[in-house]
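Asks: Sequences are here, hints too, so could you generate the full structure?
Residue numbers (the numbering used here), protein chains in the order written: chain A, 1 to 388; chain B, 389 to 710; chain C, 711 to 888.
Here are a few chain A residues that face chain B, going by a calculated C-beta distance under 8 Å: (1) 144; (2) 146; (3) 147; (4) 216; (5) 220; (6) 370; (7) 373.
Note that these hints are calculated values from the structure, not bench results.
Fair warning: this is a prediction, and the values are worked out from it, not measured in the lab.
The C-beta atom is built at its ideal place from N, Cα and C for all residues, glycine as well.
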Amino acid sequence: MLDFKLDEIEQSGDFYTRNFQPTPEENKLVLNMGPQHPSTHGVLRIILEIDGEYILRAEPVLGYIHRMQEKMAEVKTYPQYLPNMGRVDYLHALAWNWAYAGAVEKLMGLEVPERAEYIRVITCELNRINSHLLWWGAYLLDLGAFTPIMYAFADREIVMDILQRITGSRLTYCYYRFGGVSADIDQKFINDTREFCKYMRGRFPIYKDLVTDNIILRKRVEDIGHINLETCRKYGATGPVLRGSGKPYDVRRAEPYSVYDRFDFEIPVYDEKDALARYLVRMDEMEQSLRIIEQALDSLPEGDYIHPKTPKNPKPPKGEAYFAVEGARGKIGVYLVSDGSKSPYRLKLRSPGFSNLSLFAEIARGTLLADAISILGSLDLVIPEIDR
Amino acid sequence: MINLPLPLIQILIGLIGILAFVGLNGLVLVYLERKIAGHIQRRPGPFEVGPHGILQPLADAVKLVGKQLITPKGADSVLYWAAPIISFAPAIVCFLPLPFGPKLTNIDINVGLVLILAFTGLNVLALCLAGWSSQNKWSLLGAARDISQSVAYEIPLLLSVLPIMMLSGSLNLYEISTSQGAWPWQWHIIYQPLGFFIFFICILAETNRAPFDLPEAESELTAGFHTEYSGMGFGLFFLAEYSYMIVACAMASILFLGGFNGPIVSGWWWFLFKVYALLIVMIWLRWTYPRVRFDQLLNICWKWLIPLSLINLLVTALFIKL
Amino acid sequence: MMVKKIAQTLTGLWSLVVGLRVTGKNFFQPQITVHYPREKVESIEGYRGHIELVPKDNDPFTARCMACGSCARVCPSGCITLHIKKVTEPAVSAKKEDNSQKPEQNNQKAAPAKKTKTKRVLEAFELNYNYCSLCGLCVQSCPAGGLRFSDNVYLAGFSRKEFEFDLLARMRAQKEGK
Ligand code: SF4
Ligand code: SF4
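Replies: What follows is the structure, given as structure tokens:
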């Protein structure tokens, strides 16, 4: 026999049914946006309470694509967990690769050869451009423009071809290894990348003409979704969201890892705090990434691409390590605890998207439905990363 | 043999002709839209069915007809199914008074302009019913948007048509056409550039075309008022939308661009050419711009278009009097 | 104030024209998509298809694999199953041990009899491609360089069964095909 009554459960319901119960109040509509909705990009669900088109309350519901990424680490050996990192955030997979590999290296005290660091920088930045390009296209799709995403895809294709040649994948990369990367880059890669940098520079003016300067777009993103620094701090927002609010915080600068301190690049910051600021931060970041790539290619040292004495089955000593990198969406952190065995004792993934989404409930209040969509898009959410 | 009055026979023949024309045009427009979209996005568009995908719209139509018609639970099924028909039927009537060529007017009535404006207004009712009866919050929001949009844009639309009536002194579309000459500098657009501009923006909004496609803004309202429709229910809305586009562009070309008058030899070919040129511009706009926000849409109308069209009207009236 | 507003509106309208020009220009530019069944993508270099066995240098139809089992151990998705026959070669006197085939178990090294040499012979190399995450760990872990990724891009099938290969049999089939 069941020792609980089904009625009781139905009555009590979960958090959302209890908090969004229809009330006798008039002019109020509870709207369920997602998990299948064209602009939640995946399986985000947002419960909206609206009055006409004005949002009274918005509550994101998470967990539709929860895959137990953290728990999975505990049953796999260290190298076996590598492919998982490509699936956490499929758009900036290499940053996650890096965060995990970096944490393990830190714990093991493994030195990464210089050439490998440069290769990591180049590929990671290429991947960042790819991620921003897709965000750009998808954001405009949210705003109702269908063409930009196709142009973005055409450019992404070039990067994916370049990365495919050496990493073997086009999206969910599993390229970084403990102590280096899995394959060396060759002359063709270098030439292709240089060519891409040149090509991409020529594309930005087109993007600017078609989209950034467009009055309709400006009116859709200007002055909406203000996030002040206090809110950012409260929710731990990072990445372009924070930089769009006027704080030049970038892990690549703040806690330089790898060889980032050797490159000369700017951190785009905008003080307007609105969706347009976040938009512009990302557009500028792509240009900065190109700069980093070119500098890295110019000073690419010779040497090993992976530490020659990397153990095949690493057993890091007892202890803990935290490694953070700057992903396309913000600060990616991997916290690792080892008990000296061949699989991690505990792994915690800090995904920037989760923090960035958390503030949505606060800033969406009082906006129009269309603005809420625009704000949601400007946060650049990748749902698998949020749910992990 | 039953003795049918001649006008009735004429109307019947006209209706059949128009139905064929509407159906054919729907197919051509769908194909055109997808091809242009494809080429703008550097891809081929439909390509597999028939040479260069020319039979693709036909295949889609067959698919739509073959789909099951689903009435959502809790929907008001009478209103629900009446809506697409109410949306589509007036579209056909709108074709009746259009002068396609010098001798190609179906019914030559002297209030043709008013007739078309009145019947296109019926579309709002259909979308309202569709949104209300489908028992879906997204549909409802879409319908609400559509009503406020259509009501708002009807005003500048009429205000931009009025100067033309003053210029040609008639409500008969045939006479408006013939009051303009064959060459572009003899068309009304020369005297009414602002009027044409306002009229064009208004017909974009009235036919729910991007960047004013708010009632069916799929990234906001999933599919707006036709979220729940399947099969031919959706197909009729779709066809109605394309028919209204044609009617609107036909109106624009009759009122401002000389209708069937054209250089060298006037005739229906000039009319069709102008209509399609305008349609292509509409498609081009759609695949270039993001969507405006709802309050901005109404702001454009109340704060810019209505004052501008009023000024335009006054200035025209003054000039005619002088 | 009013003048500024009108100027803003005009530049706004001009930006719309600029946008139209961009899409208009693109309309006349050549397409960049590939009509798949008629054309094929050129850049499949580096593509990771399913893994396959690398043949020996001197014999293109014998696998380099020496059945060590490290690929099966390292695979995160557990998609490799090795069927290994242990053949005990008598060092001095001819004596055969049992050679029943059983799936490879991790770390189960055959304890060789005092003076006999145990040879591990690969009978079947089963790959369940359905679960493969194409990470490349198996390829890198192979001490003999016995694995690589195939460039079989156009692999498609109707059921999961079709993606369970025996790579050794595949190699033999290639031999017969030739
Ligand atoms: S590529 Fe990775 S998942 Fe696939 S068989 Fe090899 S080790 Fe296993
Ligand atoms: S790791 Fe290489 S040698 Fe060992 S079983 Fe696998 S393929 Fe054979």
